[in-house]
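Residue numbering for the sequence shown follows the UniProt record's numbering, beginning at 1 and increasing consecutively.
Please keep in mind that the hints were generated in silico from the structure rather than gathered at the bench. Owing to the predicted nature of the structure, the values given are computational and were not obtained by experimental measurement. Even glycine gets a Cβ: it sits at the ideal position worked out from N, Cα and C. Check before you lean on any hint, since a few could be wrong.
[Claimed, not checked] Within a straight-line C-alpha distance of at most 27 Å, the following computed DSSO-like cross-link-like pairs (lysine-lysine) qualify:
| hint | residue 1 | residue 2 |
| --- | --- | --- |
| 1 | K574 | K423 |
| 2 | K338 | K213 |
| 3 | K423 | K608 |
| 4 | K406 | K423 |
| 5 | K218 | K241 |
[To be verified] Distance windows between CB atoms, simulated:
| hint | residue 1 | residue 2 | range |
| --- | --- | --- | --- |
| 6 | T403 | R173 | 31 to 37 Å |
| 7 | M475 | P524 | 24 to 30 Å |
| 8 | E626 | G200 | 38 to 44 Å |
| 9 | G502 | R430 | 38 to 44 Å |
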Amino acid sequence: MKVNGKGGVYVWRDQGVMIDCRDEVLREFNEGCEGIGEVEWDDNVEKIGGERKAGGGRGKRRKGVVGETGVKGAPKGRKPDYSLDSYLRSKLSPETYNRTKGLALASYANTFCSPSMSDISARRTKEYEHHWEANDGEDGGDWTVIGGMGDVVNEVLKDSGVEENVVTGWEVREVEWLDDEGGSVVVRGRKEGEEVEVRGRRVVVTVSLNVLKSGLIKFKPPLPSSVTQSFNFMGMSNACKLQIVTLLNPTGDSKIGNVIAADGGIPEIWVNEEKGKGGEKLWVTTVFATGNFADDMGEKGEEETVRDTMGMMEEVFGIEGLMENVVESNMYVWGENKFVGGGYSYPRVGCSREHQEVMRRRFFGGRGWMGGEHTNVGAGMTVHSAMEEGRRMGSEVMVDCRTVVKWGRSREVKERVEKDVIKNRLLIERWREVGMVRALPKWRRANIFKAAEKMGVNRAAVLSLRRHHIKQNNMGLSEDLLQLGTNDEKLSAANAFERCVGRYLDLLGLEYVDEEEQRLRNPPRIGMYHPGTPDFRFDEPFMIDDCEGGGQWEINWIGVKHFYGASTIRWDNKSACGRIPKKAASYRKNFGPGAYLFAYGVGEGMSKRMPEGVCVLDESVIDLSELRDVLRTWCADENEEIWP
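With the hints as constraints, model all of the structure from the sequences given.
Okay, here's the thing in structure tokens:
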């Protein structure tokens with residue numbers, strides 16, 4: 001919202017003066033604009049599809065009626081929606097308003113893209129100032145895309161495998177959702193006079209808000225009425241861009257980067273120094289206008305607009321002969337293209353967050369959805385917000401297009417059952433007991449089978465649970481005194497289990513990055529934070545489809561553990577089990593959603609302590625033949641039965 005004077009100049013042509021933000025009038029103007037973000041606006045005044053009572057206050061509620069000046073009957077303490085023009089009139093003195101209304105319109109012609117300030121919602125534009133300041137980054141940054149917007153498209157397409165399926169220059173006429181088994185979408189239209197059609201599971205159609213509102217595209221079935229009604233609270237005006245290349249600097253020696261003209265047909269101008277093909281200095285003057293300014297430029301045409309622009313720069317900076325030094329120019333009017341229809345969209349008076357929420361929700365059973373600057377509920381409708389929505393939409397599309405793997409969740413052992421097994425001393429007879437089961441008498445082995453039957457698991461799970469509790473009961477003893485195998489022996493088993501999991505991932509056709517490769521990519525450095533190395537990471541995430549539960553989970557990484565995920569071990573971050581919830585949260589934060597895979601299953605308590613977005617996968621699908629061969633080398637009895 002705030003007018004920023006860094007590197008720029010503000011011009012009142014009829015007074016022949018140039019001022020910057022130190023001027024008293026501009027200071028008052030800025031202070032009035034800043035207050036818009038502090039107003040507690042009533043966001044609940046208009047219901048999609050009908051009238052709604054204004055909410056948020058106590059006592060009897062009155063119906064809200066949307067008009068040019070806002071909503072009558074908003075709750076006490078909360079402000080109804082006003083147009084931006086009405087808001088500025090209420091905040092500024094008449095003198096300041098009259099002097100700066102031209103400046104406001106010229107400044108907002110780029111930022112808000114509305115034909116007039118009486119059509120812009122003050123309530124929704126409260127987000128604008130915060131968004132610009134939050135995303136500019138370094139001083140003077142403005143999310144400019146180096147290389148142009150085409151580089152954004154190229155980055156999106158890179159490694160996506162869809163380059164050959166990108167088509168441009170279509171006149172899209174119809175989008176149809178089919179009821180076939182694959183859930184196909186068909187897009188029909190014309191290109192170079194020929195009828196064309198494309199069909200696929202996921203189709204992205206880039207189209208402007210004006211085209212959606214115009215009815216040029218037919219949807220089968222029709223878009224939901226809640227969506228089309230929300231279109232009425234969004235506007236999109238004409239937009240025009242003109243670039244002029246000159247041999248002289250239009251700002252002279254002032255080193256001023258941009259000009260906003262409060263009283264003139266050219267609202268805002270940027271000047272950049274460039275080099276020609278022969279290394280000569282050239283200056284590129286850019287004019288970007290929307291609304292009525294763009295309409296006027298389009299009517300006058302390129303030649304006359306160039307003369308007006310150069311004439312204004314001569315008048316402001318006292319330079320002569322700019323027109324004679326024009327090398328070339330180029331102007332494009334987006335409103336003249338019926339399949340574009342304008343510049344950025346903007347929120348009209350009466351627009352609420354709910355209207356934007358409605359447009360970004362999925363429809364047709366989740367098979368259709370849209371995104372753009374008009375669906376960003378947390379930011380003004382600019383390139384900034386469009387880029388954010390592009391990221392959101394892109395991630396949702398890619399999730400839907402990811403490989404889906406049939407792989408269920410591990411069956412959890414009830415925590416009370418696990419506690420009973422420990423309490424009844426089926427696994428550990430004495431508190432300070434140590435050693436592997438292979439050295440125990442047969443009656444003790446019989447108790448192991450009873451414990452496994454009680455827990456509903458195989459004996460490998462209860463043997464692993466026993467080892468956890470032996471370590472917990474003897475925290476001070478060394479590995480040698482615990483008599484549960486040497487470090488090398490235990491490591492060999494853990495590595496064998498990882499290889500078993502790796503072979504299963506290979507069988508599924510999933511490409512992964514193991515720990516060794518992760519360390520090569522991102523080696524630990526002294527004094528530098530390291531995100532960790534899960535056993536398996538995936539450059540291209542995939543989806544897990546739980547056949548029994550019916551849910552799907554995104555998987556970016558898998559942590560593999562050669563033991564049972566016990567629920568009855570203290571969560572003190574000191575034991576193998578006790579450290580897992582904290583480590584899982586770290587992986588979730590650094591790498592996104594993922595999973596753990598325990599060699600012998602998981603307990604209910606461990607599963608519940610996993611952070612949101614981290615699940616425990618079914619271990620029963622893994623072929624453990626190699627692991628058993630390794631275990632027989634150091635923890636089997638005379639009959640080669642494994643009793644660790």
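Right, here's what the structure says about each hint:
Proximity of K574 to K423 is assessed by CA-CA distance (about 22 Å); at most 27 Å being required, the pair is judged to hold. With a C-alpha separation of about 12 Å, the suggested pair K338 and K213 falls inside the 27 Å cut-off, and the hint holds. Under the criterion of a C-alpha separation no larger than 27 Å, the hint pairing K423 with K608 is consistent with the structure, at around 22 Å. For the proposed pair K406 and K423, the alpha carbon gap of about 37 Å is over 27 Å, so the pair is violated.
A C-alpha spacing of about 30 Å is found between K218 and K241, which places the hinted pair above 27 Å, so the restraint is violated. Restraint check, T403 to R173: a C-beta distance of roughly 33 Å satisfies the suggested window 31 to 37 Å. Taking 24 to 30 Å as the suggested C-beta distance range, the pair M475 and P524 conforms, at roughly 28 Å. Distance hint check: the CB atoms of E626 and G200 are about 41 Å apart, consistent with the given range 38 to 44 Å.
The hinted window of 38 to 44 Å between G502 and R430 holds, with their beta carbons roughly 40 Å apart.
Violated hints for the displayed structure, listed by number in ascending order: 4, 5.
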